[in-house]
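First to last, the protein sequences are chains L and Y. All residue numbers for the first sequence refer to my numbering, where the first residue is 117 and numbers rise by one. All residue numbers for the second sequence refer to my numbering, where the first residue is 117 and numbers rise by one.
Hint data in this document are derived by calculation from the structure and do not stem from the laboratory. Check before you lean on any hint, since a few could be wrong.
Beta-carbon label-pair distances, calculated as ranges [claimed, not checked]: (1) L:D186 - Y:A302: 39 to 45 Å; (2) Y:N174 - L:D229: 37 to 43 Å; (3) L:N319 - Y:S176: 57 to 63 Å.
One-sided and incomplete, this derived list gives chain L residues near chain Y with beta-carbon spacing under 7 Å [said to hold, decoys possible]: (4) R157; (5) L158; (6) V160; (7) K169; (8) L187; (9) A188; (10) P189; (11) I195; (12) W199; (13) E203; (14) V282; (15) T399; (16) G403; (17) I405; (18) V406; (19) V408.
Derived lysine-lysine pairs resembling DSSO-like cross-links, with alpha carbons at most 27 Å apart [claimed, not checked]: (20) Y:K226 - L:K246; (21) L:K226 - L:K439; (22) L:K161 - Y:K198; (23) L:K324 - L:K314; (24) L:K439 - L:K322; (25) L:K172 - Y:K226; (26) Y:K161 - L:K226; (27) Y:K172 - L:K198; (28) Y:K246 - Y:K198; (29) L:K133 - L:K161; (30) Y:K198 - L:K172; (31) L:K439 - Y:K226; (32) L:K198 - Y:K226; (33) Y:K246 - L:K226; (34) L:K172 - Y:K172; (35) L:K246 - L:K324; (36) L:K172 - L:K133; (37) L:K161 - Y:K161; (38) Y:K246 - L:K172; (39) L:K246 - Y:K161; (40) L:K246 - Y:K198.
For each residue, glycine too, the CB sits at the ideal point set by N, CA and C.
Number of protein chains: 2
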Amino acid sequence: MSDFQANLNKYAELAVKVGVNVQPGQILMIDAGVESLEYVRLVVKHAYAAGAKLVKVNLSDEAITRMRYDLAPDDSFEIAPKWTAAEREELAENGGAMLAVVSNNPDLLKGVDSSRISAMQKVSGEAFSKYREYAQSNKLAWSIVAVPSAAWAAKVFPDLPENEQVPAMWEAIFKAVRVDLPDPVAAWQQHIDTLNAKAAYLNEKKYKALHYTAPGTDLTIELPKTHLWVAADSESERGTAFVANMPTEEVFTAALKTGVSGTVSSTKPLSYGGTIIDNFTLTFEKGRIVDVKAEQGEDTLKRLVEMDEGSHYIGEVALVPHKSPISESGILYYNTLFDENASNHLAIGSAYAFNIEGGTTMSREELAEAGINQSLAHVDFMIGSADMNIDGIAEDGTAEPVFRGGSWAF
Amino acid sequence: MSDFQANLNKYAELAVKVGVNVQPGQILMIDAGVESLEYVRLVVKHAYAAGAKLVKVNLSDEAITRMRYDLAPDDSFEIAPKWTAAEREELAENGGAMLAVVSNNPDLLKGVDSSRISAMQKVSGEAFSKYREYAQSNKLAWSIVAVPSAAWAAKVFPDLPENEQVPAMWEAIFKAVRVDLPDPVAAWQQHIDTLNAKAAYLNEKKYKALHYTAPGTDLTIELPKTHLWVAADSESERGTAFVANMPTEEVFTAALKTGVSGTVSSTKPLSYGGTIIDNFTLTFEKGRIVDVKAEQGEDTLKRLVEMDEGSHYIGEVALVPHKSPISESGILYYNTLFDENASNHLAIGSAYAFNIEGGTTMSREELAEAGINQSLAHVDFMIGSADMNIDGIAEDGTAEPVFRGGSWAF
């Protein structure tokens, strides 16, 4: 077995044992692109070895996806993926697990009419709304991992010869997910403990608000009274630990829906629905986004914000030191799974129910009452930099440093 | 464009225009293996060009399928594909179209415990029973075409060097589906007319029974009073012409369920559920299979016959001259789509409702009353040879030659 094959196998095992943490008798569903087939086969093997009752793989092809956007009639984008959604709801209700293997070409939908993209996002957002609630309240174990595709690697390493792009990306991913270490499963446990210590500190502090300052950013985000900071590991309804994102470097909580004010500027491009949005600024009043400006992809960003009422507000608030391993690699991935773990970020749209006390068993009305946002959208965007300072504002109004110069201040 | 690319494109166009005959506004679903992706992309393109509203592609991978049989626990084979079945039922109810692109490795499940295979066949047969009724009564337009895979080509051309196997198979398939001709769409229309003339002759005759004789075969098959001989082209409920099998050389009807007696011997191996059944003999009394013998795969064949009550009986009766183009190629495909079109064949299990007058609008009870068989199974097996004679028995008992020396006698 070559080093690459050995790493690929360790990575598959990591997704099964740490990512979704497959349990005996469980059904595992996998979404993946055809280019990740070699990796997916290894994941299937490890999942059955862990006792999976069935591993169902949904393979997609980006060329076929793009043809729909280019060639289908307009009413194609009104068709809801209702059977796929129903199957996923059942998977969650029966305690299954869901693994997404992403390898998206960040420019897949470049040049496509943005009204088609937003129509598709909306119809699929609505179809998957129940499943998304299940996932966001950890009813099932779910995880996202990444595998290079030729198009994605070409975007990330444009200056490398073509035959070196995918290998370079594999090397970067193996490093980001700690597969280059002798015992990745143990390394992940240690990493999770480190992140949990940060979350515990912040949960002790119970700040009333965070105040962000950086070039182009002066933003205050109030936090719900019952907010909870969470890191890397989650627990499904059935009590199984899982890691929803690999890699993950973030410590995150929910924003108070109506408590966001000021202006924030993006620091990395955002790949959303197959197009790039870059160099953008959002302005908030009482939580609501009242102004949107972008040098690239402004139309797409505006359509995202206008998707529904909740997409005018912030859900998630996440802290990631600018000196995180992914950030230090200096690689811009054009993929949120990586880029959000290299930078402080916020999410437009829904908050996670588990980010407030008792949230996972609350109704939609109770979640709204607790002050957290709900939406068909949940789109993370990056705002961190070496110049960012964040203060924690205590109940009595005093300020304490949380971030200084882009890194943890405690 | 190379000759191969040009042929591949013509073949994709043929599947769209003649096979499923995609209509504007229609949804087309495609089942295909990952190895046929290049072809499938071309089909998707032609389908959108023909006005398809959506082309939904379900890609499968045989290595992942095999892992389930090898590694999953026994109760994995009790899981019904109910969402897939529901989606297909809706497709049929809304006048969609279904294209299967087959490229199966005939030995995919070699060595797998036959109880797993029959459990899977049964659970999936039950789940798809309503959809199968829809397809067998032409509620939707559906078609099956074939594309080589490395494993399948290796089985068919074991004596060729590995890099020549898939190209040889492409050449054989292009010839079998008339893609090597300058205008395949026109060639198909002419071919359909020829087959329809044979069907018209037999419908005029309205034989009471057929009597088959050949080495190892002495079989009488009575036909329902209202039987209809059908060839190549079909018409969906919405009135669209389609061709369900490409290639197709057969003229076929339904057997009278209780009217089959005697013994019949197979003349080609049967690839069923990933295993090979070869050199087998079935004995019938009053339509029922009372004895099963096979030199290879006897256990699998017995489990097939025992699937349900209807799988003990014959559904379809099909006539194909031994001198058909596929037969003359001398290639054994180990795939029923081809091998059944090189040989007279019968099908164990259900009959097609359109093979009796008014059948497509009959209830299950009415179909049973008309004397045709219903089952979860429909498995064709080949019985034709250069030594086969068939007499048509008229209502008054007189015999007329239908086949002599393996070919049409009229």
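Evaluation of the provided hints:
no.: 1; hint: L:D186 - Y:A302: 39 to 45 Å; in the structure: 30 Å, violated
no.: 2; hint: Y:N174 - L:D229: 37 to 43 Å; in the structure: 27 Å, violated
no.: 3; hint: L:N319 - Y:S176: 57 to 63 Å; in the structure: 46 Å, violated
no.: 4; hint: R157; in the structure: 5 Å, holds
no.: 5; hint: L158; in the structure: 10 Å, violated
no.: 6; hint: V160; in the structure: 5 Å, holds
no.: 7; hint: K169; in the structure: 5 Å, holds
no.: 8; hint: L187; in the structure: 4 Å, holds
no.: 9; hint: A188; in the structure: 6 Å, holds
no.: 10; hint: P189; in the structure: 6 Å, holds
no.: 11; hint: I195; in the structure: 6 Å, holds
no.: 12; hint: W199; in the structure: 4 Å, holds
no.: 13; hint: E203; in the structure: 4 Å, holds
no.: 14; hint: V282; in the structure: 18 Å, violated
no.: 15; hint: T399; in the structure: 39 Å, violated
no.: 16; hint: G403; in the structure: 38 Å, violated
no.: 17; hint: I405; in the structure: 33 Å, violated
no.: 18; hint: V406; in the structure: 37 Å, violated
no.: 19; hint: V408; in the structure: 31 Å, violated
no.: 20; hint: Y:K226 - L:K246; in the structure: 42 Å, violated
no.: 21; hint: L:K226 - L:K439; in the structure: 31 Å, violated
no.: 22; hint: L:K161 - Y:K198; in the structure: 24 Å, holds
no.: 23; hint: L:K324 - L:K314; in the structure: 17 Å, holds
no.: 24; hint: L:K439 - L:K322; in the structure: 25 Å, holds
no.: 25; hint: L:K172 - Y:K226; in the structure: 22 Å, holds
no.: 26; hint: Y:K161 - L:K226; in the structure: 19 Å, holds
no.: 27; hint: Y:K172 - L:K198; in the structure: 13 Å, holds
no.: 28; hint: Y:K246 - Y:K198; in the structure: 11 Å, holds
no.: 29; hint: L:K133 - L:K161; in the structure: 12 Å, holds
no.: 30; hint: Y:K198 - L:K172; in the structure: 13 Å, holds
no.: 31; hint: L:K439 - Y:K226; in the structure: 54 Å, violated
no.: 32; hint: L:K198 - Y:K226; in the structure: 36 Å, violated
no.: 33; hint: Y:K246 - L:K226; in the structure: 42 Å, violated
no.: 34; hint: L:K172 - Y:K172; in the structure: 17 Å, holds
no.: 35; hint: L:K246 - L:K324; in the structure: 31 Å, violated
no.: 36; hint: L:K172 - L:K133; in the structure: 17 Å, holds
no.: 37; hint: L:K161 - Y:K161; in the structure: 34 Å, violated
no.: 38; hint: Y:K246 - L:K172; in the structure: 23 Å, holds
no.: 39; hint: L:K246 - Y:K161; in the structure: 33 Å, violated
no.: 40; hint: L:K246 - Y:K198; in the structure: 20 Å, holds
Hint compliance for this structure: hints 1, 2, 3, 5, 14, 15, 16, 17, 18, 19, 20, 21, 31, 32, 33, 35, 37 and 39 are broken, all remaining hints hold.
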